[in-house]
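Trainee: One rule links them: number in the working numbering = place in the sequence shown (from 1) + 1469.
The hints are simulated quantities; they were obtained by calculation from the structure and are not laboratory data. Among these hints, one or two may not hold up.
As the list claims (entries may be wrong) - Label-pair restraints from in silico Cβ distances: (1) 1530 <-> 1484: 14 to 22 Å; (2) 1530 <-> 1485: 26 to 34 Å; (3) 1475 <-> 1500: 28 to 36 Å; (4) 1471 <-> 1516: 18 to 26 Å; (5) 1530 <-> 1509: 17 to 25 Å.
Since we're looking at a predicted model, the values are computed, not measured. C-beta: ideal position from N, C-alpha, C; glycine also.
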Amino acid sequence: MHAAVGDQLHIHSRSVGMVDQKGEIIEVRGTNGEPPYMVRFEDGHEGLIYPGPDCNIEPRTAADR
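With the hints as constraints, model all of the structure from the sequences given.
Mentor: Here it is as structure tokens:
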């Protein structure tokens, strides 16, 4: 998995009734865009994330810049 600052991390819920989480990658701490990532979630909290198989990266588009 590779990401850049500004990309969106989407964590899909694993259980019925749980909501997906989305956040903006604000720092890439791995080499060459690899995890871990510091992510600011929509509710404002920040956390260091090692994405699992339930996550995907949505690249930042030119319109988002």
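Trainee: Now look at each hint and say whether the structure bears it out.
Mentor: A quick look at each hint next to the structure:
1. Checked against the hint of 14 to 22 Å, the pair residue 1530 and residue 1484 fails, with Cβ atoms roughly 31 Å apart.
2. The hinted window of 26 to 34 Å between residue 1530 and residue 1485 holds, with their beta carbons roughly 31 Å apart.
3. The hint said 28 to 36 Å for the Cβ distance between residue 1475 and residue 1500, and at roughly 18 Å that hint is violated.
4. Between residue 1471 and residue 1516 the CB atoms are about 19 Å apart, so this pair conforms to the stated range of 18 to 26 Å.
5. Between residue 1530 and residue 1509, the C-beta spacing of about 18 Å keeps the proposed range 17 to 25 Å intact.
When held up to the earlier numbered hints, the structure conflicts with 1 and 3 and fits the remainder.
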